[in-house]
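Visitor: What follows is the residue order along each chain.
Number of protein chains: 2
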Amino acid sequence: MLKIALGQMEVVPGRPDINTSTMLDMIAEARRKKAKMIIFPELAIPGYLLGDTWEQQAFLRDCEECGRRIIEASEDICVLFGNVGVDWGKTGDDGRVRRYNAFFIAHNGRLCGGENFPYPFRIKTLNPNYREFDDTRYFYSLRKLAPELGKSVEDLLRPVFLNLDGETVKLGCMLCEDGWSDDYSVKPMAAINRNGPADLFINISSSPFTLGKNNKRNRVFSRQVRETGVPLIYVNNVGIQNNGKTVYTFDGYSTVYNGRGEAVGYCHPFTAELKIVDFDLAQKGENLPPVSIPDDRGIDSIYQALRYGLSKFLRSIGMDRVVIGVSGGIDSAVSACLYTQVLDPENVLLVNMPSIFNSQTTRDLAYKLSSNLGSLYCVVPIQSAVDLTARQISETPVLNLKDGSKFYLSVSSFVLENIQARDRSSRVLAGLAAAFGGGFTCNANKSELTVGYCTLYGDEAGFLAALADLWKHQVYELAEYLNKYVYGTDVIPQEIIDLVPSAELSPDQAVDEGKGDPIIYPYHDYLFRAFMERWNRATPEDILDWYLKGTLEEEIGCRPGLVKQIFPGPRQFIEDLERWWRQYTGMAVAKRIQAPPVLAVSRRAYGFDHREAQNGTHYTARYLKMKKELLESGS
Amino acid sequence: MLKIALGQMEVVPGRPDINTSTMLDMIAEARRKKAKMIIFPELAIPGYLLGDTWEQQAFLRDCEECGRRIIEASEDICVLFGNVGVDWGKTGDDGRVRRYNAFFIAHNGRLCGGENFPYPFRIKTLNPNYREFDDTRYFYSLRKLAPELGKSVEDLLRPVFLNLDGETVKLGCMLCEDGWSDDYSVKPMAAINRNGPADLFINISSSPFTLGKNNKRNRVFSRQVRETGVPLIYVNNVGIQNNGKTVYTFDGYSTVYNGRGEAVGYCHPFTAELKIVDFDLAQKGENLPPVSIPDDRGIDSIYQALRYGLSKFLRSIGMDRVVIGVSGGIDSAVSACLYTQVLDPENVLLVNMPSIFNSQTTRDLAYKLSSNLGSLYCVVPIQSAVDLTARQISETPVLNLKDGSKFYLSVSSFVLENIQARDRSSRVLAGLAAAFGGGFTCNANKSELTVGYCTLYGDEAGFLAALADLWKHQVYELAEYLNKYVYGTDVIPQEIIDLVPSAELSPDQAVDEGKGDPIIYPYHDYLFRAFMERWNRATPEDILDWYLKGTLEEEIGCRPGLVKQIFPGPRQFIEDLERWWRQYTGMAVAKRIQAPPVLAVSRRAYGFDHREAQNGTHYTARYLKMKKELLESGS
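Residue numbers (full-length UniProt numbering), protein chains in the order written: chain A, 1 to 635; chain B, 1 to 635.
Just so you know, these hints were derived from the structure itself, not from any lab. Please note that a few of the clues may not be correct.
What the hints assert, rightly or not - Label-pair restraints from in silico Cβ distances:
| no. | chain 1 | residue 1 | chain 2 | residue 2 | range |
| --- | --- | --- | --- | --- | --- |
| 1 | B | 514 | A | 68 | 49 to 57 Å |
| 2 | B | 292 | A | 631 | 53 to 61 Å |
| 3 | A | 64 | B | 149 | 32 to 40 Å |
| 4 | A | 631 | B | 61 | 17 to 25 Å |
| 5 | B | 89 | A | 69 | 49 to 57 Å |
| 6 | A | 260 | B | 216 | 57 to 65 Å |
| 7 | A | 33 | B | 548 | 39 to 47 Å |
| 8 | A | 183 | B | 168 | 39 to 47 Å |
Fair warning: this is a prediction, and the values are worked out from it, not measured in the lab. All C-beta atoms, glycine included, are put in the ideal place defined by N, C-alpha and C.
With the rest of the complex left out, here is chain A (with noise of 0.2 Å):
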């Protein structure tokens, strides 16, 4: 019986000293628990996502340093770990001391596994450069460095040979991506595996919570698993990292699959957490009885991701304190529901800052709201401040110093729009937010982000947009489980989730009137999500295609239906599609340069997971050409 330590720390990016410090105590909790080995995650030393850092020298001799100490501390105790393996003689594609994305394995105070491969740790085979991925920036890869020493890849592949009581255990050793080589011509388990067999696989990764990501996680790696017959141990870190654009929580959820692909074991998720197991290696872990493990596809998960890298990022950049502005409608309402449930309420304050425009109807549920969440609260009116603007901007001469003429300014009503956001978010959230001594929230939702619905320096600024990767039908959803399940009440007053979502910044958008928002979300929200998420990303060709043979709806996952209830015809669908996706290309993408972080759930968020130039519009010939013919056939 081999008692195996998961060590599922929380990883902090760019910290080796605290990294170090964790594993250290993690590692003697195991050896008091009799523990015959330790797995830690990958990289769990310098942490994963650390843009450029990997180009100081003096980081990467850190790193070094602090793998010695946990070296130093295997006596008597197996331990796998993660770190930066630094080959200081040669250079990697950028001209940069050679980095590699590292598999280390201590035993008794040195390393194991250097018998048949060409350093004293394995390397990264798979490394994925896509969403907000840059592992080629920075990691020398398995797939280079084969041909460099003349091999094939799946030579290198091999078992890591480990001495345990005597015992030869060979150890299948990999790094998070090696595990999900379906779309790659390289695959690691089936490799290690012929030039084994292995007794047990070991995946070290560093993998973000993704919407779904475990259900397939549970498929892909059962799947192998079942395919070679051994036993698989899967650690993942917890802890939030980020790529400055965008916010990543780690869940953890590390697993034990037996020989059959059965999970028999699993560390919570979202919970820093030593899980020791009793594995019998003979029996591939059928010892141990299989469990079922929580599905997170739905509400419940991005409900916990949200909260967990809400409370994460907070810690992480020292702050305690928010303002949040609260105009009565749905977002900022789960927003200041959910920094409710990660600070004191005495620690959010809600400002509700309205306009001659503002209903009371939408003051009102503002105070109701902050008043159920027993937060503080102030109301700081605008419209002085904006008359202000609009009178210095027309009433200022502006001089042509050429000609020595003047003229002067006009504000319109889209002008007053803009003026007024800013006003809220620029000069009162930031101004009272710094005197509060804490930040202010970006309540902008996915839907608004998609198509730049909200005003720079306006809605759109805060330190951080928590709810940036929830499309508009997903926020509502939030709400009610909220109300549901979090508060067991009706925090978020049921008028506010029945409300016509308005931005309320002129007489068209008079919620008692029943105006609102120009965004059908029903509809929009999906084909928004289409031209975004979808896996071959839609562009109006996919669009019109789909409309034309009558499968849009089931494509983009709208309700049936609705698509002809919207449109009179394709002349009307035409323009519908093009202003958002002019949006979308356009002016929306200006916005998102200058947003502030986004907290990801989905499988694509804004930031560096999207990853998008300033480049305008444009329409496929072939669009083009079924547009014209659909409009020129009169219907």
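Following the hints, position chain B against chain A.
Guide: Frame of chain A; chain B shown alone:
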């Protein structure tokens, strides 16, 4: 004699329709001029920096269709061009349809080069993945394809056989990075020539301007030409492309090298141009006289790139009017001069926004500058709005809705500084710009951006940060260049150049008393540059090391003797070092995440070229040890 046309075209990223039309025009012109061959840049049809647009299958089909039109146009002329090469039957590492960054050779309506290659086009061998480049994210390289086919990369690197008037020409076809192989284990030029030899190398590129890049390119390319004895033609595009956060200019500078590695012809930088050369293949181009290519390391090249980039960026986003806040300081003065070079002065509105802290000196200088430029000008005082904001913050009761108590916030002088900065940008400039029908500029420089010495939604805001890749000393250099060479008169008053740099946000920054910024530019410019631009990014460990060795000034490039002059001893030196390192890795990161796009000129610009995470400050163990020893030694 072979008449070759270098098609140094402007590539518009994401617009295959426009680019194809440009190419067809150039092909027609080349044919009229009796050229036998025309060469277009890398990815001439789609453009290079497109973000995740590569995931739109409709876009890929559109590019393929445009490619077919170019191939059809190759009757009687050989057309070499870059386009995306799609293998619809295979996937890339991201699981999506496989894309290659491809080199097409079309002649008489069909493609050449497929005889000894798996595709009817050649593909890029080396995919750069550093700085702003994300090639590995989007394109499958020859390095990955070769092992998949059971071949070595070198096997696949063969010349293309081209029949020109009955004579066979062996072309060595390369894409951009393939010519920059120093840091890679694969050397495409040498390999192609070994498998040839080749008669002529063609390198098609999409290579952004970077200060001094062409000097280096001429060295690197000439050397390889000398080593192989094969002449080389390099064709690069002009125009601008961006990754959202960073805007790049493309300088073209297409160059012909004879077999001795001498440049024998080049296209003008930043100019769309069809250049015809009469190239004697038998003589390896030595029939043409060597030419001297201008140096591109000086302030004149920076000016050229900024002016070109500004002009193209404004056009690309459809903006023809700008508003610029002019404080009477150097940054806004340089900004105003640049914009007035690319826009009519009647479309440039300069705005002075005094508060009680602004001296008459700077107000007068702002007017004098505007008057020299003959632009539009207005004065919008901010004091009344700032007072209103401070009053609203301090006089609004904050209610505690849990216990019914209330309290008041207070406005510190630091809070008041940021209120002023935000009032100027988000309230006045943004409102004025909207009313004026344009955008407002961000005038921040790289020194400020490095340590976040600017206010979010304040002076850091704007549609573009045109000077944000220039250190403060470069801004001064540019000011003198503008006066001397561009305007030929002191359009920027000498007093602005002589004035102490100051934000004028408090009595501590009174310019008339010689008070100003906390940044000592003659030293900190170089310290910050060592953090940010140095090949192996310097950290406090490196800096302290050099300080102790007495080599600091030499290492970072500032004036000798300066460090001793500024810091009485190690304690003050360390305090200063840590202060700015904390800023650089702390609050400044948060600010840069929401900064406007930066116009890049250096070898390391903020934004996509410098990836960073909001991870806070770390000191290595060795730094902390050195610091402790130094401070304890009592010196």
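Visitor: Falls inside 53 to 61 Å, the C-beta gap from residue 292 of chain B to residue 631 of chain A?
Guide: 58 Å, holds
Visitor: Using the C-beta atoms of residue 183 of chain A and residue 168 of chain B, is the stated range 39 to 47 Å upheld?
Guide: Holds, at about 41 Å.
Visitor: Okay, residue 260 of chain A versus residue 216 of chain B on CB: inside 57 to 65 Å?
Guide: 59 Å, holds
Visitor: Is the hinted range of 49 to 57 Å satisfied by the C-beta distance from residue 89 of chain B to residue 69 of chain A?
Guide: For residue 69 of chain A against residue 89 of chain B, whose Cβ atoms are near 51 Å apart, the range 49 to 57 Å holds.
Visitor: Could you check the hint for me, namely that residue 33 of chain A and residue 548 of chain B are 39 to 47 Å apart, CB to CB?
Guide: 46 Å, holds
Visitor: Just to be sure I understand the hint, the distance between the Cβ atoms of residue 64 of chain A and residue 149 of chain B should be within 32 to 40 Å; is that true here?
Guide: 38 Å, holds
Visitor: Between residue 631 of chain A and residue 61 of chain B, does the C-beta distance stay in 17 to 25 Å?
Guide: This hint holds: roughly 22 Å between Cβ atoms.
Visitor: Please test the hint of 49 to 57 Å on the beta carbon pair from residue 514 of chain B and residue 68 of chain A.
Guide: At roughly 52 Å between Cβ atoms, residue 68 of chain A and residue 514 of chain B fall inside 49 to 57 Å, so the hint holds.
Violated hints: none; the structure is consistent with every hint.
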